[in-house]
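K.L.:
These are the residues of each chain, in order.
There are 2 protein chains.
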Amino acid sequence: MKRLLFLFCFCASQLMAQNSLKFANIGSFKTQGGKTIQNCKLAYRTFGELNAEKSNAILFPTWFGGKSENLVSNAGTMIDTTKFYLILVDALGNGVSSSPSNTPAFPDITIRDMVNSEYALLTQKLHINHLYAIMGISMGGMQTFEWLVAYPDFMEKAIPIVGTPKQSYYDILLWKTEWNIIEQAGKNPAARKNAMRQVATVHNLNLATPDYYIRTEQAENAYAKIQKAGDDYVTNNNPENWICQIKAMLSQDIYKTSGKSLAEMPEYIKAKMLVIVATRDGMVNPQSAMDFAKVVNTKYVELTGDCGHLATGCESDKVKKAVSAFL
Amino acid sequence: MKRLLFLFCFCASQLMAQNSLKFANIGSFKTQGGKTIQNCKLAYRTFGELNAEKSNAILFPTWFGGKSENLVSNAGTMIDTTKFYLILVDALGNGVSSSPSNTPAFPDITIRDMVNSEYALLTQKLHINHLYAIMGISMGGMQTFEWLVAYPDFMEKAIPIVGTPKQSYYDILLWKTEWNIIEQAGKNPAARKNAMRQVATVHNLNLATPDYYIRTEQAENAYAKIQKAGDDYVTNNNPENWICQIKAMLSQDIYKTSGKSLAEMPEYIKAKMLVIVATRDGMVNPQSAMDFAKVVNTKYVELTGDCGHLATGCESDKVKKAVSAFL
Chain R
1 MKRLLFLFCF
11 CASQLMAQNS
21 LKFANIGSFK
31 TQGGKTIQNC
41 KLAYRTFGEL
51 NAEKSNAILF
61 PTWFGGKSEN
71 LVSNAGTMID
81 TTKFYLILVD
91 ALGNGVSSSP
101 SNTPAFPDIT
111 IRDMVNSEYA
121 LLTQKLHINH
131 LYAIMGISMG
141 GMQTFEWLVA
151 YPDFMEKAIP
161 IVGTPKQSYY
171 DILLWKTEWN
181 IIEQAGKNPA
191 ARKNAMRQVA
201 TVHNLNLATP
211 DYYIRTEQAE
221 NAYAKIQKAG
231 DDYVTNNNPE
241 NWICQIKAML
251 SQDIYKTSGK
261 SLAEMPEYIK
271 AKMLVIVATR
281 DGMVNPQSAM
291 DFAKVVNTKY
301 VELTGDCGHL
311 ATGCESDKVK
321 KAVSAFL
Chain U
1 MKRLLFLFCF
11 CASQLMAQNS
21 LKFANIGSFK
31 TQGGKTIQNC
41 KLAYRTFGEL
51 NAEKSNAILF
61 PTWFGGKSEN
71 LVSNAGTMID
81 TTKFYLILVD
91 ALGNGVSSSP
101 SNTPAFPDIT
111 IRDMVNSEYA
121 LLTQKLHINH
131 LYAIMGISMG
141 GMQTFEWLVA
151 YPDFMEKAIP
161 IVGTPKQSYY
171 DILLWKTEWN
181 IIEQAGKNPA
191 ARKNAMRQVA
201 TVHNLNLATP
211 DYYIRTEQAE
221 NAYAKIQKAG
231 DDYVTNNNPE
241 NWICQIKAML
251 SQDIYKTSGK
261 SLAEMPEYIK
271 AKMLVIVATR
281 DGMVNPQSAM
291 DFAKVVNTKY
301 VELTGDCGHL
311 ATGCESDKVK
321 KAVSAFL
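Chains as they are written, first to last, in the working numbering: chain R, 1 to 327; chain U, 1 to 327.
In isolation and in its complexed conformation, chain R is listed as follows:
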C-alpha cells in the first residue's frame, strides 16, 4: 500500500512538474513596429519527452484571452504525449507572458511578433530548431498560419483550427467593437476594467450561433447569465491585455507579411497542412481559411454544428480524430 502510494505520488509529481509553468527570458525583443521589449518573458508548459533526434516537438500557442493553463485539458487530450513533446506557450500579451498588465510601456504587437517570440523561445532557450508540428485554436490558429509564412522550413506539419490567414470585414467589425467598448470607458483603469462586462456579452453573442443558445439556454436565465459572464470577465480579463491581443489580430494578414499572393502560397508553404474550420463560426470568420484550403493542397475538415466558434469543444471527437490521423 505504501509502495502504491509512493508510486502515485511520484507519478503525480512528475505530471505536476511537466504541467508546471516555466518562464524563459528571451532578452531584448524587437517588435515589427520597431519597439523593443526588454527582458521579454515567455511562459510555457511542456508534456512528454523530447526525443534524441529532437524530431517530435509540437508547439501549441494560446487562443485569444487564453492561458497555457486553459490548453492543458484541451491540447493535452488531443496530442499523444507518450509520442510527442508538447509545448504549450502563452502568447505575448496574454497576461502571463510579457504583456501590458505586467510590463510598463508595453508596445503594440502583431501576430508575427507572437510568432517571432515563440521562435526565439524554441531556438535560443529550448534549443529546438525544427518542429514536428505547429498547431493552435482561434488566435492560436492565426499564429499557426503566420508561422507557416514566417518560417516555412521550420515545421513538418501545421494545423490551424478555427483560425484565419487574414481578418475579414466581419472579424474587424467584431474586434473593433470590443476594443471601442473599452476605450469608451475613458482612461480610468477601474472604468476600463468594468467595461469588460459589456465586452463579455458582445463576445458571447458571437462565440456560438443563436441556434446554440436557443437549444441550450432558457430565456428566464438570461439576465443571471449576463451578470455572471460580466463578473467573470471583470475578474479574469485585463482590458489592456485584451486590447493588445485584439490589435495583434486586427493586424493579421499573411499575404501582407509574406508579400505572397494566395496563388503563390502552394509554392511558398512547405509544411503539410490540416485546416479545420467551423462553417457557422461568428467569431473568426471561416471564409479566408476556406479560400486558402481551396488553393493550397491541404487536408481539410469542416465542423458544421450550431456551436459556431465553440465547435472545437462541441465536436471535439471529430477534431481529435482528424488531428490524430493527420499527425
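It should be emphasised that the hints constitute simulated quantities derived from the structure, not laboratory data. One or more of the hints may lead you astray.
One copy or two, either will do: identical chains are not told apart, so a pair holds if it fits within one copy or between any two.
[To be verified] Think about it this way: if two alpha-carbon atoms lie no more than 27 Å apart in a straight line, the pair counts; the simulated DSSO-like pairs of lysine-lysine are: (1) Lys247 <-> Lys318; (2) Lys193 <-> Lys247; (3) Lys176 <-> Lys187; (4) Lys225 <-> Lys256.
Here the structure of chain R is known, so what remains is to put chain U in place on it, guided by the hints.
P.N.:
Just chain U now, kept in the frame of chain R:
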C-alpha cells in the same frame, strides 16, 4: 402645359398631404406599469382613402428605432393604397410620438402599451373600430403579435414580419448588451449619446449574417464603415429612446400578457394570419415565431437568404408577393 403643371402640382400636393405627419393627442395614457403619460401624443401618416364601411384600414406601426417616415418607402410599396387605407404609426418611445426625448419623466413602457396607445388612436381619434389588417416588421411584428392577444376581435388579418411573440435567450442577450453599453457611459447625457457609437456596431454585427458582410463588403473599408455607422447613430438615435424601446421589447411575451399557453392560442386568436420569418435572423430570433406558426393555423413564409434580419429588404419581392396574395 399650364394645365399639366397645375395637375402635377395638385397631385404632388395631395401626395404630400397624405404623406404629412399628423399628431393625435390621446390624453392621459395609463401604462401597464401603472404610470400616466399626460397629453400622450401619437404621430401617424395615412395613405389612400378610408371607405364608407370603414372596412379597408391597415395599421402598420414602426420597427425598433424607426419612424413612420422610414416606413413610407417600405409599407408604401407593399400595400396597394388605391384599395387600402394605410395608417403608419410612430410607436411610443420612438422620438416622434411621446418619448423620453420629448416628455419629462417618461415612464417605462411595454409592447402592450404601444398597442394600447395605437388602439386609443384608432378608436378615439380616427373613429375606426375594426381593422382590415395589422402588420409590421421587427418590433412592428412584435406589436402585431401583441395586438392579436390584446384585441383578438379587432382585425380580420395579421402579418407579423421578422417579429416574435416572445423574447428568446439570444434576443435578451443582444438587447441587454446594447442597453448596458449606454448605461456604462454613466449619467452624463453627452457620454450616453456617444455610447450610441458602440451600440451601432453591436447592432450591425447582428443585423445581417457574417456571410452577407463577407459577400458585400471589403475588409479594407471596415474602419471607415464603423466610423460612419457610429456617426449616424450618434446623430440619429437618442440613447434614452433606444433604452425605452429596448425595455419594451425585453418585456414582451404574449403568453404572459394573455395568460394563454401556445396550445390555447388557436382557439384564442381570431384573425387570419401570415407569419413571415427570416431563418438566419441574428437580431430577432425566429424560433418563437416558428413555434407559434406550427401550432396556430397560419400562412407561413420563410426568408432564407444570408441577409438575416435585413431579409425583408433583400427578399422584398418574396415578401410583397406573399403579403399581396394574403391580403
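K.L.:
Indicate, hint by hint, whether the structure satisfies it.
P.N.:
Results for each hint:
1. Taking the shortest Cα distances, Lys247 and Lys318 never come within 27 Å of each other, neither inside one copy (32 Å) nor across copies (42 Å).
2. In the homo-oligomer, the alpha carbons of Lys193 and Lys247 lie at most 27 Å apart both inside one protomer (18 Å) and across protomers (26 Å), since each shortest distance falls under that limit.
3. Taking CA atoms no more than 27 Å apart as the test, Lys176 paired with Lys187 passes in both settings, with 18 Å inside one copy and 24 Å between copies.
4. When the C-alpha separation of Lys225 and Lys256 is checked against a cutoff of 27 Å, the pair qualifies only between copies, where the shortest distance is 22 Å, while the shortest distance within a copy is 40 Å.
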